[in-house]
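Residue numbers (numbering that gives the first Met the number 0), protein chains in the order written: chain A, 0 to 420; chain B, 0 to 177.
Note that these hints are calculated values from the structure, not bench results. A hint or two may mislead.
Each pair of labels, with its calculated beta carbon distance range [as the list claims (entries may be wrong)]:
#	chain 1	residue 1	chain 2	residue 2	range
1	B	TYR55	A	ALA148	58 to 64 angstroms
2	B	THR119	A	ILE22	56 to 62 angstroms
3	B	PHE115	A	ILE156	58 to 64 angstroms
4	A	VAL205	B	TYR55	39 to 45 angstroms
5	A	GLN256	B	PHE115	36 to 42 angstroms
6	B	THR119	A	MET340	39 to 45 angstroms
7	A	LYS314	B	ASP32	56 to 62 angstroms
Taking lysine-lysine pairs in the DSBU-like style, the calculated list, with each CA pair at most 35 angstroms apart, reads [what the hints assert, rightly or not]:
#	chain 1	residue 1	chain 2	residue 2
8	B	LYS45	A	LYS8
9	B	LYS159	A	LYS314
10	A	LYS273	B	LYS45
11	A	LYS273	A	LYS314
12	A	LYS150	A	LYS179
13	B	LYS172	B	LYS49
14	B	LYS22	B	LYS172
15	B	LYS45	A	LYS255
16	B	LYS87	A	LYS150
17	A	LYS8	A	LYS255
18	B	LYS45	A	LYS407
19	A	LYS345	B	LYS45
20	A	LYS17	A	LYS307
21	A	LYS17	A	LYS255
22	B	LYS4	B	LYS159
23	A	LYS255	B	LYS49
24	B	LYS172	B	LYS159
25	B	LYS49	B	LYS167
26	B	LYS49	A	LYS273
27	B	LYS87	B	LYS45
28	A	LYS133	A	LYS150
29	B	LYS4	B	LYS22
30	A	LYS307	A	LYS133
31	A	LYS273	A	LYS15
32	B	LYS49	A	LYS345
33	A	LYS314	A	LYS15
34	A	LYS255	A	LYS198
35	B	LYS167	B	LYS22
36	A	LYS345	A	LYS15
37	A	LYS307	B	LYS87
38	A	LYS314	A	LYS198
39	A	LYS307	A	LYS150
40	B	LYS49	B	LYS87
For every residue, glycine included, the Cβ atom is placed at its ideal position computed from N, Cα and C.
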Amino acid sequence: MKTHNSFDKRFEFAGKAKTYSLIAIVIGIIAVAAGFLMHHGEHGERTFANLLLMGYYFTCVCMAGVFFCAVQYVAQAGWSASLIRIPQAFAKVLPIAAAVLILIVLAGLFITHNSVIEGKTVVAPYLYKLWAIKGVSTPGDANYDAIIAGKSSFLNIPFFLGRLLVFLGLYSWFGYLLVKYSRSEDEIGGMSNYNLSFKMSCIFLVIFGFTTPIFAFDTIMSLEAHWFSTMFGWYNFAAMWVTGLASMTLLIIILKQNGYMEWITENHLHDLAKFIFAFSIFWTYVWFAQFLLIYYANLPEEAVYFYKRWEPEFKPWFWLNIIINFMAPVLILMSRDSKRMIGTLKFVCIAILLGHWLDYYMMIMPGTVGGEGRGFGVEEIGTAIGFVGLFTYTVLTALSKTPSWVPKNHPFLEESLHHHI
Amino acid sequence: MSSTKFILGLFDDPDEMMQGIHKLQQNSIPIYDVYTPMPIHGIEDKLGIKESRLGYAAFLFGCTGFTVAFSMLYYMLVHDWPMNIGGKPHFAMPDFVPICFEWTVLFTAFGMVITFFYATHLFPGRAPRVMDLRATHDRFVIAIDAKGNTPHADITNILKEAGAVEIKHNDRKYVSYE
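Just chain B, with the same shape it has in the complex (with noise of 0.2 angstroms):
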């Protein structure tokens, strides 16, 4: 039994890449997860992944902000204190909606950075997981979880059909643990 815990194929080019992705679904062979220094058209509908679901949260930690906003604003110029100012009613709903607006956004902004950061493990101070350095760099990268997928020979020759400049039989996830 091999200690090869993933199989990295390295590409200096998207495409073939892209390549490589299509003759490993072709073999069903399940891809892991695949890194690119930046961006790539359509390679989520490829990989078939889900649509993310920082929306929803977004929304969520928006209904919160506008909650707070308003209440706060209701218990101190409606209930607690209230004022008179300009002759207006305590509970006079125009004035209200600039801060309950800028409360949403602010909730909405910040909420979504900490669900990303707790959603990727990335938090200020802590090393990033990368399975390859280079990932961030110039290469692509796809990983294929080796466990279970054999012979690991044939993973090996798919990728370098496709154009893989490099195949890594790694032991260990990432590479990065500091």
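Pulled out of the complex, with its shape left as it was, chain A reads as follows (with noise of 0.2 angstroms):
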């Protein structure tokens, strides 16, 4: 067994890493630019949506590498100990996609366009058009909708930024706990920032699992705000933590090839393709149980949900989604051996991940665009090479910024030195 491991090696982000994701921010935002030049009115709206879409996508990988973190202090897990700086750098960069999301949150809702909304051409913002419209609550406006009145005590501009403003702020703060208490450890040693770390852990999850659900609310199922469904936020929490598991397996599949992290083996492979392999089960768990009941109950203002992404323009996307989120990890990480081999399981990760952006995809189009206005164009595929550069940049900066590979004091870094299953 190898005993020595380059543990102090400072990872470089320069060269094709550097430049590519540098490429791939110009190509963004110059398919962003593009999205509003090239046309007017509702093609404006089709840009907004996909920034939302990859805003959020961004958010929520971050806030995973959160989780993850979170998760494994509370488990007390020995395993994740030489891998965890990959979730901390996600956890870094957690304030900048947050502040991205916000930004795109603030002028999707500020900025108004003529839009056509049930045959009446009306001033609306960009995002969030049915339920921040002017004098959508005033009774006798022209904009009035009764159904929206109802909600807008929780549905109004001002609660609505303070809650997303509150939780990114709260999740980038223990982010930035986390990261702080495991650089403190390698400095001074001893258990006293463990210990720090498992009590904040155990707080930022009790934080997390109450406000996650109302995050996604917000975000993405107030964009249909006549329809609801209460396990919108578990669904969403699902995909979150599954791309996040399928990002950081990527990204630490990739460090490996590159030479770096020689001492992450098949076994920790085995693990976090075992977390992807479970997690994508409990996605479609909850996209069913979210589907079946609404399918059961057939009350018109629940199933107008499901109406919309069964008509000819979603319906190849609505089986698409299940298939690449569902069939494909179940059918290829079925077996012992497919989640120990690096070359199967970065392409499941890949797909995963490219299939989750579906997965949003479809929550947004259809509540936003909707059929007529939906694309697959410049700005879907442009506008997530952009976020994929931006992700990249940023979180290679944060990894380079780290002093060690490893938590060097962390209690369990030797059983995870040493894992094997």
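With the hints as a guide, bring the two chains together.
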């Protein structure tokens, strides 16, 4: 067994990785600009929907990094100690992701355009037009909507933005704390930082558990404010967690293939793959729980959600969503061997990341641009590439600023280095 | 000809037992089996034990469960006594999913337990077959089939050198027939 590991070899973020991620960011900016300039009105809405999609995706992946760290501390898990720097890098990027998401939401709420809602041309904001439109809760106004007015004590712009800021601020702060404790543990050693991380992780998980459903209701579900589903929060949580795990695993695999993190063995990958496998099934479980109850009860105000997604524009994607996010991980990752094969795992991670883009697409598009405005072109691909570049750039920058590859004084580090299953 | 059927080397330390396995393998003495009171990481690779086929059994049990549940539901709800439930078609696939899923899990769980019992000769009410009782308590036991593995004195010496605290020459395979 190899006894010497180069934990202190600093990761240098340069060369191809840096060039390509910067190029990707530029492509993203060009695509967004093109989306706004090429078309007017309705098409700006499509660009905004894409920005929201990727901003939300980016934030969720980083939130999953904080969540992963917290879960490992609370479970007092040993196996993950030598790879915890990767989710910590995600946690360090969370404030940036949160800022990007809040910017997108602010712009979407306050920039208005002429939009056609139910045959009438009205001045509506680009995002959340159903409830953020002026006069929606004023009786007698042309835009008055009784259902939304009933929800307006919760769905109004100041409270909405306040919630978003508080939630994302809290998650970022806990992410910052967990990283800080881990750094301080590197320097002074001992158990005090570990115990502190344990305590803060417990508090974080309680807060996170209660607030992520509301975060998902706000950011995504309120696009279709007439409709609601109590499963939606957990459905989004599952998507967030599985995409976070897939991007962590993918990053670890790519780093490993480039000669870093040589202490990560197939045993660690096996554990990560089990996580991905399990939570892909969990995602399907919540997705189906939401679908079955709505299908079975068949209440018009609930069924409208799936009615829209059953239109010819969306129906193939509706099925593809389940095939990529459920069938692919289940069939490919079922056996023990395929969980331990780096190439197979890499393929599944990429498939899941693409699949959940489609999942978010299916959540967002029918409620924003609808069937007529739906498209798959420059805006979709370009924005996605841009955010992938942004994610790569920020995470790798965070990683290059990390002094050592592993938490050197972590009490379970040795266990993780000798992990065997 | 001695009447020894099995030679057991009893160790009180897992590392010394691994050392014993290593020495026996170096001397090309086949090991019948190893019994330990706790799982030892890496021992399967060391002994060259083939991967368990329990997973394949589980898959087949799962398929059986799914097929049984699906055919039962189909027979009852579509063929034998179709009912109008909320205006849904009689063959309403989404409704079938939870029950098919549950039966898949149920059959897999029970099937795996029964397969495991069958493979390990463990059945409720049956005295388990044990080669040395302390292997379930505080001894790490290497068992060597004595037939054809001679001279026995050499095996004894190898085990002793590796740090065995006790070496047994047993005339019968299991100590716990009752």
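Here's how the hints hold up against the structure:
1. B:TYR55 - A:ALA148: 58 to 64 angstroms: At 60 angstroms between Cβs, range holds.
2. B:THR119 - A:ILE22: 56 to 62 angstroms: holds (59 angstroms)
3. B:PHE115 - A:ILE156: 58 to 64 angstroms: holds (60 angstroms)
4. A:VAL205 - B:TYR55: 39 to 45 angstroms: Taking Cβ atoms as reference, VAL205 (chain A) and TYR55 (chain B) lie about 42 angstroms apart, which means the hint holds.
5. A:GLN256 - B:PHE115: 36 to 42 angstroms: The hinted range 36 to 42 angstroms holds for GLN256 (chain A) and PHE115 (chain B), with Cβ atoms some 38 angstroms apart.
6. B:THR119 - A:MET340: 39 to 45 angstroms: Since THR119 (chain B) and MET340 (chain A) have Cβ atoms about 30 angstroms apart, the given range 39 to 45 angstroms is violated.
7. A:LYS314 - B:ASP32: 56 to 62 angstroms: Holds - the Cβ-Cβ distance for LYS314 (chain A) and ASP32 (chain B), about 58 angstroms, lies within 56 to 62 angstroms.
8. B:LYS45 - A:LYS8: Distance of about 33 angstroms is within 35 angstroms: holds.
9. B:LYS159 - A:LYS314: Cα-Cα ~72 angstroms, so violated.
10. A:LYS273 - B:LYS45: Roughly 25 angstroms between the alpha carbons, so the hint for LYS273 (chain A) and LYS45 (chain B) holds.
11. A:LYS273 - A:LYS314: With a Cα-Cα distance of about 30 angstroms, the restraint between LYS273 (chain A) and LYS314 (chain A) holds, given a limit of 35 angstroms.
12. A:LYS150 - A:LYS179: Outside the cut-off at roughly 40 angstroms; violated.
13. B:LYS172 - B:LYS49: holds (23 angstroms)
14. B:LYS22 - B:LYS172: holds (23 angstroms)
15. B:LYS45 - A:LYS255: holds (27 angstroms)
16. B:LYS87 - A:LYS150: holds (32 angstroms)
17. A:LYS8 - A:LYS255: holds (14 angstroms)
18. B:LYS45 - A:LYS407: holds (31 angstroms)
19. A:LYS345 - B:LYS45: holds (29 angstroms)
20. A:LYS17 - A:LYS307: Violated, at about 41 angstroms.
21. A:LYS17 - A:LYS255: holds (17 angstroms)
22. B:LYS4 - B:LYS159: holds (19 angstroms)
23. A:LYS255 - B:LYS49: This hinted pair holds, its Cα atoms lying about 29 angstroms apart.
24. B:LYS172 - B:LYS159: Distance of about 21 angstroms is within 35 angstroms: holds.
25. B:LYS49 - B:LYS167: At roughly 28 angstroms apart (the allowed maximum being 35 angstroms), LYS167 (chain B) and LYS49 (chain B) satisfy the hint.
26. B:LYS49 - A:LYS273: holds (22 angstroms)
27. B:LYS87 - B:LYS45: violated (59 angstroms)
28. A:LYS133 - A:LYS150: Answer holds: LYS133 (chain A) to LYS150 (chain A) is near 15 angstroms, not above 35 angstroms.
29. B:LYS4 - B:LYS22: holds (21 angstroms)
30. A:LYS307 - A:LYS133: holds (25 angstroms)
31. A:LYS273 - A:LYS15: At roughly 31 angstroms apart (the allowed maximum being 35 angstroms), LYS15 (chain A) and LYS273 (chain A) satisfy the hint.
32. B:LYS49 - A:LYS345: holds (27 angstroms)
33. A:LYS314 - A:LYS15: violated (39 angstroms)
34. A:LYS255 - A:LYS198: holds (32 angstroms)
35. B:LYS167 - B:LYS22: Between LYS167 (chain B) and LYS22 (chain B) the Cα gap is close to 18 angstroms, so the pair holds against 35 angstroms.
36. A:LYS345 - A:LYS15: holds (20 angstroms)
37. A:LYS307 - B:LYS87: It holds: about 19 angstroms lies between the C-alpha atoms, which stays within 35 angstroms.
38. A:LYS314 - A:LYS198: violated (46 angstroms)
39. A:LYS307 - A:LYS150: holds (22 angstroms)
40. B:LYS49 - B:LYS87: violated (50 angstroms)
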